[in-house]
Amino acid sequence: MGKTLFDKIWDAHVVTQAEGGIDVLYIDRHFIHEVTSPQAFAGLEKRSIPVFRPQQTIATADHNVPTINQHLPIQEKLSRFQVEKLTENCEKFGVELYGLGHPYQGIVHVIGPQLGITQPGMTIVCGDSHTSTHGAFGCIAFGIGTSQVEQVMATQCLLLNKPKRMRISVDGELQSGVLSKDIILYIISQLGTGGGTGYFVEYAGSTIRSLSMEARMTICNMSIEMGARGGMIAPDATTFEYVKGRQFAPQGADFEAAVQQWSELYSDEDAVFDKEYHFKAEDIMPMVTYGTNPGMGIGVKEQIPQAADSDSPKSYQKSLEYMGLHEGESLLGKAIDYVFIGSCTNSRIEDLRIVADYVKGKKKADSIKAMIVPGSKQVEAQAREEGLDKIFEAAGFQLRQPGCSACLGMNEDKVPKGKYCISTSNRNFEGRQGPGARTILASPLMAAATAIHGKIVDVREEVI
Amino acid sequence: MEKFIKLDTTAVPMPMENVDTDQIIPARFLKATTREGFGDNLFRDWRFDNDDHPKPDFILNNPTYQGKVLVAGKNFGCGSSREHAAWALYDYGFRVVVSSFFADIFKGNALNNGLLPVQVSPEFLHELFEAIEENAEVVLSIDLENQKISVPSKGLESDFDIHPYKKTCMLNGYDDIDYLLSITDKIKDFEKSH
Ligand code: SF4
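Chain order of the listed sequences is F and G. So my numbering is basically just the index in the first sequence, starting at one, shifted up by 28. So my numbering is basically just the index in the second sequence, starting at one, shifted up by 144.
The following block holds chain G by itself, in its conformation from the complex:
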């Protein structure tokens, strides 16, 4: 997993709420046996029409909005547990998703893949949308070390929560599996009494 420490970047706004993982990556694109390449089909049915032409009114097809942060409406990532959703966002180039509320499994999957979910208050989310609408070039700063997300040019700033264990993993690029493998003796002991 890649490390995440701090990122300054422009953002892509997607105010739609309850975006489910079937939209992020439709099931028919889950037939790969590797983790790569899902970015091409990210938001497939919103991004392309039946003839595979980009739909001009979809935000990812609007050249005005670019960046490594996706700012999304509440309850982002609900539905299926497919980790392919996190892979697709990451593969497309996103490193952070900001929302006022995330579905549990998506949040866990994102953290396991170096994609940082940043949960902010509905009010702060609204301010972010406004700032981006006002100026597509506005830069967001995400500082994991200090758990702060800000828009320096607008004087906006907010703290965000992250589990201390997950924070260490993200900052250092560690996977859960490394830790679990290091305690297999404990696991074997547990099995004896289980």
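Next up, chain F with everything else stripped away, as it sits in the complex:
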């Protein structure tokens, strides 16, 4: 029987099996940031042990950094302390840090791929659930807790049960105005937030193959929102082309040799998955969420489903109450207060280009507060080089400095209580963007159109 892509990579990384059949998995790359690492470093200190392979760990400051005046000391005391602690720990343990002000600084899942640190066939972990993003390169990449961060720092290994494999295929041609964000929001709305629990997902099919690397990252990024441990896409010419020439990618003959190896990374034709789903690209509309988990999504032209049809009407009702929305209501035409374009889901240069393309020559609605937060210093620099900042400015948007920002509201970038925010991030949980904030997840194009109109519109009617 053939092997799945997942099995090929996993099996190549098993050091040994511990008691009860649990695998010791070797980790090639480890990303860390200021929020989930301090307790892990403290653990090493307590045991008086070093970081086992410091060259395989890369640090950045992203979660709680301000997105303006990054050259000044961080105002908020606790955030400043956490970032300083990271700097201190990295110095002490010999870990490379792309801290504030460094040209490589940015959201951890944006910088890894951008710098060529993320490469096909690797195992990659980070104390952050959206580590699944890196799976777009044909990696096994997943989020871990702080105890595991400590384990990887101490031994470059983790003790894990091998998850089951799921394949989700999307075939056909997308409607114009429908982006990869819509594909993943659609899939999660179909499978639910627990639909992928216990599985590692491979995305396949002609629609997925046709996507750019950045669009693929958006899909893999949100795998965790259906409970899956991670998501991956078999590497192909698009992948190799993207990795080629990046700072930390193999160069010259080494690169050619690597491509040879990477070309073996696909699921064999007779490989068996524990679960399979098939979707048609044509069925996917621009998506918006209406509730407080990413599974509560509908096509922009659809109505909010009835509570009675959900499997937990009480939780469902509570969620709608929080959002100030009703069963049967449509979100089309809904007035919005805030627009957030950013996060590791949609803050790459392509996302910014899509937004710039749409808003060029237009002006945002007066009622809207709009924020564009690039995923990294490099994205920011590129956007300025291409003149996107001028386009944004003319349209009334502010291009800020990189960080997680309003994706999780750990810094000042919050949405006030009761206000609606259309956001390109990945989570619409209660209070995610600030206490009482009401988040509607959507694609960068939908977010841009909302900013211009001041309300939710169907972008398909605009871009054709």
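You may find that some hints are simply not true.
Derived coverage of chain G by chain F (criterion: at least 3 residues anywhere in the stretch with Cβ under 8 Å from a Cβ of chain F; other residues may be distant) [said to hold, decoys possible]: (1) 150-161; (2) 169-177; (3) 211-221; (4) 225-234; (5) 257-267; (6) 307-314.
Since the hints were made in silico from the structure, they are not lab data. Think of the CB as a built atom: it goes at the ideal place given N, C-alpha and C, for glycine as much as any other residue.
Given chain F's structure and the hints, the job is docking chain G with the ligand onto it.
Same frame as chain F, but now just chain G with the ligand:
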């Protein structure tokens, strides 16, 4: 890590489903650099209003319900991988969370911190909620050695699964890291051929 063998305790019921880790511990409280003290902010936005007054209708503010077990609706702990969620529950005083379904990362984090996730069938979970609703003083018994959860006074009992390796760790208070550190020679050998 503290050992867990057997526990008899009253329980706190929280039938809400899909409780995500952002609710268990909101991001703005993740700025500490130690593992302690997160219990104060457990379920912060459900527990307190904007002026930091306890919300009387939230279960943790209801003195009727106390205990070291949290009985929760399905898909508990979904969302962010923050281990702070497990720390907050533990720091608050919970030692067991019972649900019909747990998110993967949360489950792993809980086990790494001596907080036992007990997964039961939806039917059994329903019976537990009923028993607690009927009598807030009802005692649940969680026996890790025999992998059984029961309500002796009601004659309710169910088995639960746990990975044998994780069970050994919980029973003895071992961390994964102790084991991994003991095999560094194997890891170095692996690196040579990797
Ligand atoms: S942008 Fe949001 S989801 Fe991504 S790493 Fe930062 S906080 Fe997590």
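Against the structure, the hints:
no.	hint	result
1	150-161	holds (count 3)
2	169-177	holds (count 7)
3	211-221	holds (count 3)
4	225-234	holds (count 5)
5	257-267	violated (count 1)
6	307-314	holds (count 4)
The structure shown violates just one earlier hint, number 5.
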